[in-house]
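All chains, please: the whole structure from these sequences, using the hints.
There are 2 protein chains.
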Amino acid sequence: MTKALRALFLLLAFSLAATAQAAERRKVIVDQDAFEGPGLQPILMLLQDPTVDVLGITIVSGDGWAPEEVAQTLRMLELIGRTEVPVIQGAIHPLINSKARNTAREGQYGALGYRGAWTESWPGDNTMKRAPFHDPKVVPPMEIGLPKIAARPGSAADFLIDMTRKYPGQVTIIAMGPLTNLALAQRLDDDFAGRVKELVMEGGFFGSTSTRDEFATQVAYAPRLSFNHFWDPEASHIVFTSPWQTLTLVTGDSSAPTRAGADLLARATASKRPVARYVARTAQPGFPLWDEVEAAAWLDPTIVTQRGTLAMDVDLMPGANYGALLTWPAGKGPGLGERDVNLIYAIDVPKIEAMFVDLIGR
Amino acid sequence: MTKALRALFLLLAFSLAATAQAAERRKVIVDQDAFEGPGLQPILMLLQDPTVDVLGITIVSGDGWAPEEVAQTLRMLELIGRTEVPVIQGAIHPLINSKARNTAREGQYGALGYRGAWTESWPGDNTMKRAPFHDPKVVPPMEIGLPKIAARPGSAADFLIDMTRKYPGQVTIIAMGPLTNLALAQRLDDDFAGRVKELVMEGGFFGSTSTRDEFATQVAYAPRLSFNHFWDPEASHIVFTSPWQTLTLVTGDSSAPTRAGADLLARATASKRPVARYVARTAQPGFPLWDEVEAAAWLDPTIVTQRGTLAMDVDLMPGANYGALLTWPAGKGPGLGERDVNLIYAIDVPKIEAMFVDLIGR
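Chains A and B supply the protein sequences, listed in that same order.
UniProt numbering numbers the first residue of the first sequence as 1 and each following residue consecutively.
UniProt numbering numbers the first residue of the second sequence as 1 and each following residue consecutively.
Worth flagging that the hints you see were computed from the coordinates, not collected in a lab.
Among the hints, erroneous ones may be present.
Listed below are the simulated DSS-like cross-link pairs for lysine-lysine, each with C-alpha atoms no more than 30 angstroms apart in a straight line [said to hold, decoys possible]:
1) A/LYS99 to B/LYS332
2) B/LYS129 to A/LYS332
3) A/LYS332 to B/LYS99
4) B/LYS272 to B/LYS351
5) B/LYS272 to B/LYS129
6) A/LYS27 to A/LYS272
7) A/LYS129 to B/LYS332
8) A/LYS99 to A/LYS129
9) B/LYS332 to B/LYS197
10) A/LYS27 to A/LYS197
11) A/LYS197 to A/LYS166
12) A/LYS148 to A/LYS166
Covered by chain A, according to a simulated footprint, are these stretches of chain B (three or more residues, beta-carbon under 8 angstroms) [to be verified]:
13) 103–113
14) 219–233
15) 318–330
From a predicted model like this one, the values you see are computed outputs, not experimental measurements.
A virtual CB, placed ideally from N, CA and C, is assigned to each residue, including glycine.
Printed below as a string of structure tokens:
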């Protein structure tokens, strides 16, 4: 073998090995209302897992407005040195719902316990640190500084369509917020849902646990209202009636017994490596591990201790139950496009805590 | 004292004592979808209590059609020798809802677990013995024979209005079924609700217990749908927004842990006295003590082990949640007429069983 041929051979072998490794990594797009703290920590868990290939992070309004969430996500990627991961802004507003309509509905049907980016003044408790209410397109100053990098041009829906065309049947979408981007993608391209390997989403309380903590008080009064679904009910309806290969819902019941307490955060950030340092700067103790549980249940299904299946849809009547989850026994819905959903009702709490500490600490 | 004077004196004393006793007896009207078995046993408990004066039994459709329920109630009174208690037929149909509308809604939103008198064919389990589906005004043959006595002429709503005019502030109404008659009375006479001492009604699951038995499967899928309220949602709305002095809801949670098992029925009917004999002929073992718990909680409030207060109303949107109970923290509803309701979440099961055995056995 000549020296040149040998070098070429080595390069080819290396490249093949890298390709094989890359092929083995599970492709994921995270669709998230990515607000600092509880909104970004679950994304960090996915970014930190070497078996996962995060193709991109698509942003949707929900907990905050999409432009501010884009800035927070970009800044996070800068601080942890992962600026190669694309961030794509998605829908600022729900398909039909709006702040004005929601305000009118609250006047008629009572105040919501939580209303995300629509909240004009935050109560003293049960909320994250955040900038005062602002125009959806304004990015307010950030304590950790504004990002220097920018989002990838184009819409989240187009990114979702393009990536699933590039890797048909290989991409899992982990939707951690309202489902506007996914609904837009499906209506832009009717073959979109069929190309997705699995859609994992979050929300809903089904009484599988009796945990009714301060963050789930709304559940006690309106058990089927869940923020990720009542923010954009029409989007949820489109998602519940689209032909996904596999559709999974990680319920609020499953994350209710968890808590990102000061002790857990201290353990997770003790390594002082870049991700740990970022989390130490931005985490706020006391919130359930809502979307962290969703990420963890997909990363390691062995943490799941209780599963179920229900046919599901969303109430679109513009009343008190606008956006409330509808359920039927599996296969026994009205047969108007709704489909069976795999539900995750409970997980192993020590295991998710260990995963959180391990992945954030790396 | 002359003999005549002495006789007069004795008569007066006796009459005064009788009047005093009568004055002490608590006045009640039972409004019930009074179907044989679980629909009539709770009425028997009230009739058997010597401290209670049952002014009348008003009948409403629900579990069955009102005319058949009137016949069953009259026959029961004949067999136990209490034909002095008036029975008054109430509304056959809900205010707005109907079998046809319900069928259309089930086509669009999925089958209901239980639909009372609208049921065309009864499944093999989870139901009471009953005649095949029939026209609302037809009274089918009854195993225990048809009654010879007749209902009191006039409507249930007028009877409720008249009795509360006769005894303002003294009459408790124990509504064990849908609320059509009460809604009609309130719209016929705007001062009606204000004259009622207390309205006690039944229904709703609030997750206070984890009991989800075969009779509450609907609850698992649509936690706020409860038959007594989704049969006639507009009536429930009128009742939830009327100015009762006291409004109490005995929840499904409170009766879910109870069961009229064969053993309990055997104990209750062992005395072989008329009421026991009637119950032995008509009872069907295996059902929860739904309305018996409601009667018992009013007869003896010390059996109640868990109470609460919620602002309440009913969803009137003609969709999947038509008739679903709406709740808010006490005093925190939208302020559109809804009012705080006293809820009974749990009772002492051995105590209600003992009361049932005692009252039915007398």
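Right, here's what the structure says about each hint:
no. : hint                 : in the structure
1   : A/LYS99 to B/LYS332  : 21 angstroms, holds
2   : B/LYS129 to A/LYS332 : 26 angstroms, holds
3   : A/LYS332 to B/LYS99  : 21 angstroms, holds
4   : B/LYS272 to B/LYS351 : 22 angstroms, holds
5   : B/LYS272 to B/LYS129 : 23 angstroms, holds
6   : A/LYS27 to A/LYS272  : 28 angstroms, holds
7   : A/LYS129 to B/LYS332 : 26 angstroms, holds
8   : A/LYS99 to A/LYS129  : 21 angstroms, holds
9   : B/LYS332 to B/LYS197 : 25 angstroms, holds
10  : A/LYS27 to A/LYS197  : 9 angstroms, holds
11  : A/LYS197 to A/LYS166 : 13 angstroms, holds
12  : A/LYS148 to A/LYS166 : 29 angstroms, holds
13  : 103–113              : holds (count 6)
14  : 219–233              : holds (count 5)
15  : 318–330              : holds (count 9)
In the structure shown, no violation is registered for any of the earlier numbered hints.
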